[in-house]
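J.: Residue strings, one per chain:
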Amino acid sequence: MNQRPAPPQVPFWRSPQGRAWTFQIAMLAAFLWLVAAAYSNVLANLESRGISSGFKFLRNEAGFRIGETMGVPLPGWGVFVILAALAAGLAASRLMARRARSTPGPRGDAWFAAGVLACAGLPVLALWLTRDAVDVAHYSETSSYGLALAVGLLNTLKVTLIGCVASTFLGLLVALGRLSPNWLLRTLCRWYVELNRNLPVLLQLFFWYFIVLQHLPDVRNSLSLGEWAFLNKRGLYVPALVPLDGAWPFCAALLAALAAAVVLRRRSRRLRDETGAPGRWVVPGACLLLALPALSWLAAGQPFALELPALKGFNFQGGTGLSPEFTALVVGLTVYVSAFNAEIIRSGIQAVPKGQREAARALAMGEGQVLRLVVLPQAMRVIVPPMTSEYLAIAKSSSLAVAIGYPDFVSVGGTVLNQSGQSIEVVGIWMGVYLAISLVISLGMNIYNRRVALVER
Amino acid sequence: MQLTRFCLAGLLTLALAATASAGTLQNVKKDGFLKCGTHVENPGFSALDDKGQRIGFDIDFMRAVAAAANVPEIKYVPLNSKERIPALQSGEIDLLVRTTTQTMNRDTALGLSFTTVTLYDGQGFMVRKSSGVKSAKDLNGAAIGMETGSTTELNVADFFRKNGMNYKPVVFEKQPDVRKAYDEGRCDAHTTDISGLAAQRSLMKDPAEHVILPEVISKEPLGPFVRKDDAQWTDIVRWVVWLTIAAEEYGVTQANVEEMFANSKDPEVQRMLGKTGTLWTDLGLDQGAPVRVIKAVGNYGEIFERNLGPKTPLRMERGLNAQWTKGGLLYSPPFR
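As given, the protein sequences belong to chains Z and F, one line each in that order.
First residue of the first sequence? That's 1 in our numbering, and the numbers climb one at a time after it.
First residue of the second sequence? That's 1001 in our numbering, and the numbers climb one at a time after it.
These are computed hints drawn from the structure, not numbers from a lab.
In this text, a Cβ means the ideal position worked out from N, Cα and C, and glycines have one as well.
Some hints here could point you the wrong way.
[Claimed, not checked] According to the in silico footprint, chain Z covers these stretches of chain F (three or more CB under 8 Å from chain Z):
(1) 1057-1063
(2) 1074-1088
(3) 1103-1110
(4) 1185-1195
(5) 1219-1233
[Unchecked claim] List time: in silico BS3-like cross-link candidates among lysine-lysine, alpha-carbon distance up to 25 Å:
(6) Z:K312 - F:K1129
(7) F:K1134 - F:K1075
(8) Z:K233 - F:K1168
(9) F:K1174 - Z:K312
[To be verified] Here are the computed distance ranges between Cβ atoms for each label pair:
(10) F:P1176 - Z:L74: 34 to 42 Å
(11) F:R1161 - Z:G226: 31 to 39 Å
(12) Z:G226 - F:K1162: 34 to 42 Å
(13) F:K1162 - Z:A37: 48 to 56 Å
(14) F:P1176 - Z:A20: 36 to 44 Å
(15) Z:S53 - F:K1265: 51 to 59 Å
(16) F:P1176 - Z:S140: 25 to 33 Å
Please put together the full structure from these sequences, using the hints given.
T.: Below, the structure is given as structure tokens:
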């Protein structure tokens, strides 16, 4: 074996790698120095101007009220048990699904059934076992600034989540409309996209809040659906479900029926593929879904009671309501972002080669099947990366809530900032939280992207 | 945009503009203008007239301070209530006259000094006449519109808690949005300082349709704020306000100030107007300062009548803001 000649020795600073490292380290050092200098400068300035600093103020009493609050689950063992059960359920169901794939026949079906039950059952069981162990903090004027911020954050997350899901579906519909052979539908969808893309989102929020929703009738002349639902400029009021003693058995029965129906479907599909006999699962599945909860109702009593909203004093009391601020924000963001999503989805669909569609049709697939089984899975590769930015946009634009009076994270944070005067701290919390939200969305989408991306061999 | 503004004002300026504040008077004179924080729009206090000039009660006190420092120009920085304190802390402005309530926390923990009171106000509620509400105690369960980031939110919470009543806050960033939401019927009541309610009412579609309820649920002494680290500047602002109050007490007006300066036999008036003594030079100003101030804006009574009084759309009575000799709270310390 002949030895390779040793590479000529170059001095450290002349090798590309050495230089790269040197520059990286120098940059990092400069950056750290800058951060440290700015930090100590801020502290010194705060001190010299007699402004108090630090995060101790988060424990102080807030003293103001927030228009829309949700209970905030406090981190205790109960929460961890639920999270652990959720993770265990997911892991178990994946494991069993793999088992089900590798074992054909009824035993595979049994594995599959176990997976479905584990996935849904474990978290529900944990929820039931720990229902008294999870401490939920309800915000009131006497709560701390920290809890106020948490409530604001939950409000922001609620809007972001609903906005992401709704804008995706709406975007898909509009994209399909734009690709439709029907001239009227195509043109309408095109105008929808152009109009929404070219108007600033803040303007659109004002439009929904001040123009559309404020022109609903006032409380006394509400639009109503019998005694059940009322719509006025204070919001939409619908009956609330109040859980009674029978609630838990009822949920369990519903879950079991659902799992059974899923397994039935799988079994009938398998039998159809193996023997060619048309599987029947719709009717038995539906019967199961009706019968089991009904049995539980009979055995354990009524699961829920309806609480109807009723006009009392200034407004409707009882039931649940959607405030106009929340509605305007969700509708405004959804409509605005859906236009961008529609264009992304359209580009994804058009990126799928025409031959794929023709081939699918040649296999006698219906239009729905072509879209669901051939076009969309391939379009996903193009769609997912730009969609990430749109989801980020929803999370960030939700901070415009402050303009239409919805108590989101920025709005509540602004009040905290003004009441406590701790501007640097509050701005720091704002930046940290939005960064975290964006990174989580980005991470999730990246993981999903890896799954749908083209696997190259 | 909001966030950017905060980051820039709150973080960068604090971090980098290290010692912008020592010797505010010298800096202001050197720049040739006074940087003042003001309302975006609050008629009577700070709003644009038809010629595009800023006028109002708050603006007149800024003009008085500018006249005292003998600077020709004022740079107005419109701020919402959330932005005003960081703007002053960071040195973006030198003087904040924006119906800001003087509270202990603002005086102690925020690096600010309040100077003195320009208007004794209190928070109240406004409702539609047609609602039939006669007292704030009738507001149980009402939706109440208010501006974010002020003492307003705390006072309402206290009032309703104290009386065992419930309410739903509808909170906006800017006063015009609160007015719009209330005017459109989103809220049953509008709350802010009573002077602010009068200002907002003058802008409603039909001002006669709204009444301000009799309850005053808080004390709101409003006045100019400065940074804490410049005692001389604090004193200047304070004594300029007291000068306008004392001028009313002694009958010195915009019209007669020069004549009073020349002819008044009252030794207090002579000292106050800088004819005798060294009061104004001790403050770091010149002897001509007081006459310039009164010539620019008049005495307190004139400022009040011009911006808030019965002949303006706000139609406010003097009430607590009358001179102490007439049953009010206005009382200037002696000029000696």
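J.: Give a verdict on every hint.
T.: Right, here's what the structure says about each hint:
{"no.": "1", "hint": "1057-1063", "result": "violated (count 0)"}
{"no.": "2", "hint": "1074-1088", "result": "holds (count 4)"}
{"no.": "3", "hint": "1103-1110", "result": "holds (count 4)"}
{"no.": "4", "hint": "1185-1195", "result": "holds (count 3)"}
{"no.": "5", "hint": "1219-1233", "result": "holds (count 3)"}
{"no.": "6", "hint": "Z:K312 - F:K1129", "result": "19 Å, holds"}
{"no.": "7", "hint": "F:K1134 - F:K1075", "result": "43 Å, violated"}
{"no.": "8", "hint": "Z:K233 - F:K1168", "result": "14 Å, holds"}
{"no.": "9", "hint": "F:K1174 - Z:K312", "result": "30 Å, violated"}
{"no.": "10", "hint": "F:P1176 - Z:L74: 34 to 42 Å", "result": "39 Å, holds"}
{"no.": "11", "hint": "F:R1161 - Z:G226: 31 to 39 Å", "result": "37 Å, holds"}
{"no.": "12", "hint": "Z:G226 - F:K1162: 34 to 42 Å", "result": "39 Å, holds"}
{"no.": "13", "hint": "F:K1162 - Z:A37: 48 to 56 Å", "result": "49 Å, holds"}
{"no.": "14", "hint": "F:P1176 - Z:A20: 36 to 44 Å", "result": "56 Å, violated"}
{"no.": "15", "hint": "Z:S53 - F:K1265: 51 to 59 Å", "result": "55 Å, holds"}
{"no.": "16", "hint": "F:P1176 - Z:S140: 25 to 33 Å", "result": "30 Å, holds"}
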